[in-house]
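Peer 1: Spelled out from the first residue to the last, the chains are:
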Amino acid sequence: MANLKDHLGRPVVAVTGIGVVTSLGIGKADNWAALTSGQSGIHPITRFPIDHLNTQMAGTVDFLESSSKGAAALTYELAESAAREAIEEAGFNEDDFGGPLFLASPPVELDWHDRLALFEAADEETSNNRVLSAARRLNSPEVFESTQFGSIADRLAETFGTTGLPITLSTACASGATAIQLGVEAIRRGECERALAIGADGSATAEALIRFSLLSALSTNSGPPSKASKPFSKDRDGFVLAEGSAALVLESLESALARGAEVLGILRGCGEKSDDFHRTRSKPDGSPAIGAVKAALADAGLSEDEIGYVNAHGTSTPENDKMEYLSLSTVFGERIKSIPVSSNKSMIGHTLSAAGAIEAAFSLMTMREGVIPPTINYDNPDPAIDLDVVPNVKRVAQVNTVLSNSFGFGGQNTCLVMAREPV
Amino acid sequence: MAPRDVVITGIGLVSSLGEGNDAHWEKLTAEDPASTVNSERFPPYSIHPLPEIDWSLQIPKRGDLRQMETWQRLGTYAAGLALDDAGLKGDEALCSTMDLVVAAGGGERDGNVDMAILEASTQRKDFDVLLNEKLTTELRPTLFLAQLSNLLAGNISIVHKVTGSSRTFMGEEGAGVSAVETAAARIRSGQSTHMLVGGAFQTDHPDMLLTYELNGYLLRGPWQPVWQRQKSEGGGVVTGSGGAFLVLESREHAEQRGRKIYASIGPVASGRARRSRGELASALSELLDKVAVPSGPVLAISGASGAHAATEAEKALIDGNDALAKRAFSSRTGHLKEAQFPFAIALAALAIDRGAAYPSFDADSEKPFTGKPQAALATAVGYHQFEGMALVTAPA
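As given, the protein sequences belong to chains C and Y, one line each in that order. Residue numbers 1 to 423, in the working numbering, belong to the letters of the first sequence in order. Residue numbers 1001 to 1396, in the working numbering, belong to the letters of the second sequence in order.
Some clues are possibly wrong.
[Unchecked claim] Computed list of lysine-lysine pairs in BS3-like fashion (alpha-carbon distance at most 25 Å, straight line):
no., chain 1, residue 1, chain 2, residue 2
1, C, K294, Y, K1161
2, C, K394, C, K322
3, Y, K1125, C, K69
4, C, K283, Y, K1161
5, Y, K1027, Y, K1260
6, C, K394, C, K337
7, C, K283, C, K234
8, C, K283, Y, K1061
9, Y, K1260, Y, K1089
10, Y, K1290, Y, K1315
11, C, K337, C, K294
12, Y, K1061, Y, K1089
13, Y, K1372, Y, K1027
14, C, K227, C, K322
15, C, K69, Y, K1134
16, Y, K1161, Y, K1089
17, C, K283, Y, K1089
18, C, K322, C, K234
It should be emphasised that the hints constitute simulated quantities derived from the structure, not laboratory data.
Please model the entire structure based on the sequences and the hints provided.
Peer 2: Structure below.
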């Protein structure tokens, strides 16, 4: 009989449903097949013109109905699709989930095409308030809602019957992990028996790409798009902007066992530590990331020796991969050379607000399937990063525990520790 | 009294009324206060803009200031005031273990770049190409960092060294409600001992008004107090710039370091009423039941925005309860969006601490409250969605 309380006397949190959408496809099965065969979802950008852009590839999700309808609509559809898969797998009613919602999603903004439409509809000839002057006559609930930060979660809450005030959050590129952490904490506090944690990001607009580009964060690789994201390689030159979503149904182990649900994995621990060094760069000694990993291990009640695989943040930027190696080698010491560490982003790119959730989903599948997805495009190893990155080809291995890292602009560092089985 | 009661030990306020607790108390208790409404900047709309602020008092490094637009400065400034007030500013040990929850929207766009693009569009047929051309050459590279929602929290970490953990909630008033509710729950459960929680809103930018007016929520024409906008032209909301941050601690943590306690935070209740099905009134009534207002006269610090449906429902609920005396602070400050609920809690705590109620902000709609408030209700009913209430009580 599994323990229903953890090492600190808190309810153990299980995962009973998983849903995923990435540029590789819709649903866990398609994604897993592509991911384990080393397939890249990165492709030339077709959503908007690429004139004047230094980066011309992305991992956009182009095959949904909302793919051309703007960031808010696509983010919603991504979230809905993943949530539906997860809730169905968990066996709850699709319109009466009965637990709170935690949504990691990108900050919203009026779409440029809507802004242009307002400008053209205005009477005033010239004025900085010209766009504003046309606003109230637009009479479009859709456009209004696309500018409200709480609206995507509100719609999801309505669709799935989640309880209470849904929380929409951003911790930049750590958001997906934070959504899961919030769900875990709510269950541990005894506020609910289950929670829906979603990370969704459909915000790959031209302006988003340009903003990251101006910060020199993106790969400008002009070769085949599928080769652009190359975490831990010597010639890595930035991340590849991407979209996607994942949803986890989190549930107290007690509740999952009582209703005979299949336990897909255990959310053992969450840790975070923020960095006060710089808006985009990490403290040179890596102490905040180190602190986040250690906090997650402590929260999980595990020692460094008990981690079997690291699902890296591994963005493919020169800075991140170097700093991530520094923090991992500091925490795990010499043993880091023998722990497999791979980056899903080599194939799906950096899905920003969704990344932490998608990578948690893949981490759980790694344990269940006994297969570690590779780090592809690892043709030119960085000698300064001495890791077993599971190069280019998947590896069959029994994995019992995973550490998943998420680091973001604004000094955000969040780590999750997951286990295959309850103890 | 329990060791993990949630207590308020620091308050940081900025609004059109000024900065700091004394300035706010003075202006809000003045008999005949000067209005801070500005109706010239964005006619036909009115706003409550910020007064002159010497940002360097809380953000000493010029390099930090340059990286922020007004919204982030405002939040970082208010957070600094709260830390100062709680005696935590510069306390490296306590700041490095302090947990941060920020309620945030987004930062200001560069209006000049946007306007240049829109104006150029009249001469071009390839708008998307024009967009690439202009954005790649005219956007200031670091402006993105002044816009990202979580970078208010990021700046608070950088400037004030608050680095335990950092989470940013989005979603208008509801984000502020969830931020306070989650912070209180973390303290009560022992997940945290001391937290910094709050938000800021800078309204003095056409885009910030746009997000209300796309659904016709703003008051047009002559200014009126919050409760009297039902028949006025437009949607009833007058916005303001401001920020509110609170230092929350477990009672035990605050007492161990011998800090003054302003007030305790009792039950916090939140909800998502299905308003289109007419459920707002009953949902608000349930929230009021959940916060368990004590018997006897209770001051109600209302975050009512003036938005017609939401304000009418809140007014009906409060007026239907003889014990409650409402005060809608947005009649003085304007609607502070994400900061609305933290601001309401702060004003409730101040009234309890100073042992007096605010006089009516609108004598026609708000009844007198005499005596010393032992408890105050704080509310934020979203202009469009989400609702929250909390009970703030005397420290012991």
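Peer 1: Next, verify each hint and record whether it holds.
Peer 2: Now for the hints, and whether the structure bears them out:
no.: 1; hint: K294(C) x K1161(Y); verdict: holds, 20 Å
no.: 2; hint: K394(C) x K322(C); verdict: holds, 23 Å
no.: 3; hint: K1125(Y) x K69(C); verdict: holds, 20 Å
no.: 4; hint: K283(C) x K1161(Y); verdict: holds, 13 Å
no.: 5; hint: K1027(Y) x K1260(Y); verdict: holds, 23 Å
no.: 6; hint: K394(C) x K337(C); verdict: holds, 18 Å
no.: 7; hint: K283(C) x K234(C); verdict: holds, 22 Å
no.: 8; hint: K283(C) x K1061(Y); verdict: holds, 18 Å
no.: 9; hint: K1260(Y) x K1089(Y); verdict: holds, 15 Å
no.: 10; hint: K1290(Y) x K1315(Y); verdict: holds, 18 Å
no.: 11; hint: K337(C) x K294(C); verdict: holds, 18 Å
no.: 12; hint: K1061(Y) x K1089(Y); verdict: holds, 16 Å
no.: 13; hint: K1372(Y) x K1027(Y); verdict: holds, 19 Å
no.: 14; hint: K227(C) x K322(C); verdict: holds, 20 Å
no.: 15; hint: K69(C) x K1134(Y); verdict: holds, 22 Å
no.: 16; hint: K1161(Y) x K1089(Y); verdict: holds, 9 Å
no.: 17; hint: K283(C) x K1089(Y); verdict: holds, 21 Å
no.: 18; hint: K322(C) x K234(C); verdict: holds, 10 Å
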